[in-house]
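Colleague: Going line by line, the protein sequences match chains A and B.
For the first sequence, position 222 matches number 221 in numbering that gives the first Met the number 0, and the numbering has no gaps at all.
For the second sequence, position 51 matches number 50 in numbering that gives the first Met the number 0, and the numbering has no gaps at all.
Wrong hints could be hidden among the right ones.
Pairs count within a copy or across copies, as identical chains cannot be separated in the list.
Listed next, the in silico PhoX-like pairs over lysine-lysine satisfying Cα-Cα at most 20 Å (straight line) [what the hints assert, rightly or not]:
1. 112 to 170
2. 148 to 207
3. 113 to 39
4. 112 to 9
5. 112 to 12
6. 148 to 113
7. 83 to 112
8. 12 to 83
9. 112 to 148
10. 83 to 170
11. 148 to 83
12. 9 to 83
13. 148 to 12
14. 39 to 83
15. 207 to 112
16. 207 to 83
What the hints contain is simulated information worked out from the structure, not anything from laboratory work.
There are 2 protein chains.
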Amino acid sequence: MTELIWVNGKVTKLSEATANYEDRGHQFADGVYEVVRVYKGRGGSGGGVPFTLTEHLERLMRSADGIRLDVPYRVDEIAGEVRKLIDTSGLQEGMVYMQLTRGIAPRNHLFPKKPVPTLYFFTRELPPVPAPGTAEGVKLVTVEDERWKRCWVKSIALLANVLAKNEAAEKGADEAVFSEGGTVTECSASNLFAVGRGVLVTAPVGPKVLPGITRQVLLEVAAEQGIPVIERNPTEYECRCGEELFITSTTRELSWVSHWNGVQIHDRPGEITLRLHRAFQERVRREVGAYQTAMV
Amino acid sequence: MTELIWVNGKVTKLSEATANYEDRGHQFADGVYEVVRVYKGRGGSGGGVPFTLTEHLERLMRSADGIRLDVPYRVDEIAGEVRKLIDTSGLQEGMVYMQLTRGIAPRNHLFPKKPVPTLYFFTRELPPVPAPGTAEGVKLVTVEDERWKRCWVKSIALLANVLAKNEAAEKGADEAVFSEGGTVTECSASNLFAVGRGVLVTAPVGPKVLPGITRQVLLEVAAEQGIPVIERNPTEYECRCGEELFITSTTRELSWVSHWNGVQIHDRPGEITLRLHRAFQERVRREVGAYQTAMV
């Protein structure tokens with residue numbers, strides 16, 4: 000599978016694409032991004048189907064607005080180009096990584112007077128997401144939150160997230176949970192849900208919590224399933240000693256948590272986690288199918 | 000003057016250099032940087048002289064260490080290459096921008112197992128720094144500090160700084176001061192010094208204060224001049240109502256402050272500011288001269 004990249008309207012092989020050292024993405028982290036999951040459909044011509052593409056693009060627009068960056072494209076225009084790139088590349092299972100920066104300009108903290116944003120996205124194959132309950136549990140460790148205060152913006156200034164994730168890896172874990180004063184917010188690259196007495200608890204979107212798309216879909220799925228949700232920061236105690244614990248992300252959907260700070264807290268995915276994950280995958284199948292039907 | 004860039008040992012024109020979209024600098028802000036001022040010497044062959052190059056490179060090493068990045072070069076090796084590039088380009092007055100990232104790798108928060116860091120630096124002409132007291136005063140406005148907690152690392156995750164600087168610009172000011180609870184730390188791209196009763200007050204290096212090289216040189220110059228320094232966060236009151244106020248940065252040296260949150264607080268640079276700036280420029284001349292003498 001050849002990875003293709005679209006940069007401001009031009010398509011090339013990713014391996015042959017060239018960026019600019021003076022892109023503000025490269026010198027100031029002055030940009031925002033999205034990762035969209037692509038699912039294999041029922042076969043036929045073209046590529047797979049990007050799930051919740053519109054929701055991701057709408058968040059990209061909000062993130063851009065959060066850093067005062069005007070986007071020179073409409074959501075439906077970008078969506079069309081993304082779908083075309085997936086079809087051209089033939090990508091079935093994988094992701095599209097998408098980045099929007101304030102463009103190329105001689106280095107200066109001040110915004111360029113007439114910025115020409117760089118929008119690029121490329122295709123990448125990924126293994127299919129395992130069926131609910133078949134993957135190993137995720138090991139979490141708590142870390143200090145050193146990030147900035149606009150985490151609701153999905154910016155490429157990810158250094159603090161990168162350092163947190165690698166701190167977790169050094170401790171033998173898979174993912175880092177940001178913890179402060181006994182409660183937690185989210186993980187370095189995922190949202191967190193604690194389950195207690197049949198109720199989901201997850202942190203509200205805010206300065207330290209990204210509005211995850213999978214998180215949002217899951218809130219809808221939980222409502223359909225009649226599972227109540229409380230939006231407040233889970234306590235560490237709830238995470239460690241609660242009935243179930245799982246994280247959500249675009250590329251991995253739902254992952255059950257087996258370890259907390261080096262201690263095993265569960266030896267299998269919980270019932271509600273499994274039920275939600277099945278309902279989530281049902282939603283994916285429905286939307287992917289509906290998209291393909293509409294395309295016929 | 001042709002701008003030249005050195006990238007992992009290869010020299011090309013900056014205008015022809017190509018970066019990679021999957022450089023971790025471009026996707027994660029996973030890198031650190033330096034800006035070194037170049038001063039014109041007494042003429043002769045080659046280019047100008049980079050001031051406090053070793054100090055900048057040693058800070059680059061500390062910043063790299065702060066993000067757990069091993070640098071595959073020694074300070075004296077990089078210094079030699081920087082000087083060679085300045086000479087080749089013929090740059091007399093200007094700067095060298097230098098960046099070190101964790102290199103190119105398929106996107107993943109986890110560090111690559113065998114990273115090949117990207118080190119690049121390029122030359123750029125700048126106008127000479129004005130003589131002490133001849134430039135206009137700088138207008139400052141206070142902004143909320145939304146940055147991460149490792150500001151002592153000179154990382155390329157500069158989005159919060161960029162947004163602060165532009166917030167200041169929208170309010171008709173030149174630079175943003177980070178303020179919290181009535182005291183201030185530093186500015187978006189400079190350190191801050193308040194002068195009261197003949198004493199300098201500047202914030203100590205820490206989670207929210209970068210160890211500025213010009214700041215450090217200035218502390219030494221102040222000691223030579225017998226001007227006492229207290230390292231603590233200046234209060235907003237001291238800044239607004241104190242005898243003198245100035246900021247320091249590599250490219251601008253010392254700049255006196257004329258306005259604070261839209262109100263004129265001084266109509267000319269203060270005596271101590273001027274004395275320190277003259278002493279600072281004397282130090283620059285001495286070091287540039289000494290370097291050129293050593294080269295003969």
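Colleague: Hint by hint, note whether the structure agrees.
Modeller: Checked hints:
no.: 1; hint: 112 to 170; verdict: between (46 Å within a copy, 16 Å between copies)
no.: 2; hint: 148 to 207; verdict: both (6 Å within a copy, 13 Å between copies)
no.: 3; hint: 113 to 39; verdict: neither (40 Å within a copy, 33 Å between copies)
no.: 4; hint: 112 to 9; verdict: neither (24 Å within a copy, 32 Å between copies)
no.: 5; hint: 112 to 12; verdict: neither (32 Å within a copy, 25 Å between copies)
no.: 6; hint: 148 to 113; verdict: neither (27 Å within a copy, 32 Å between copies)
no.: 7; hint: 83 to 112; verdict: neither (32 Å within a copy, 34 Å between copies)
no.: 8; hint: 12 to 83; verdict: within (14 Å within a copy, 35 Å between copies)
no.: 9; hint: 112 to 148; verdict: neither (26 Å within a copy, 30 Å between copies)
no.: 10; hint: 83 to 170; verdict: neither (42 Å within a copy, 43 Å between copies)
no.: 11; hint: 148 to 83; verdict: neither (36 Å within a copy, 41 Å between copies)
no.: 12; hint: 9 to 83; verdict: within (12 Å within a copy, 37 Å between copies)
no.: 13; hint: 148 to 12; verdict: neither (36 Å within a copy, 38 Å between copies)
no.: 14; hint: 39 to 83; verdict: within (15 Å within a copy, 54 Å between copies)
no.: 15; hint: 207 to 112; verdict: neither (31 Å within a copy, 29 Å between copies)
no.: 16; hint: 207 to 83; verdict: neither (35 Å within a copy, 45 Å between copies)
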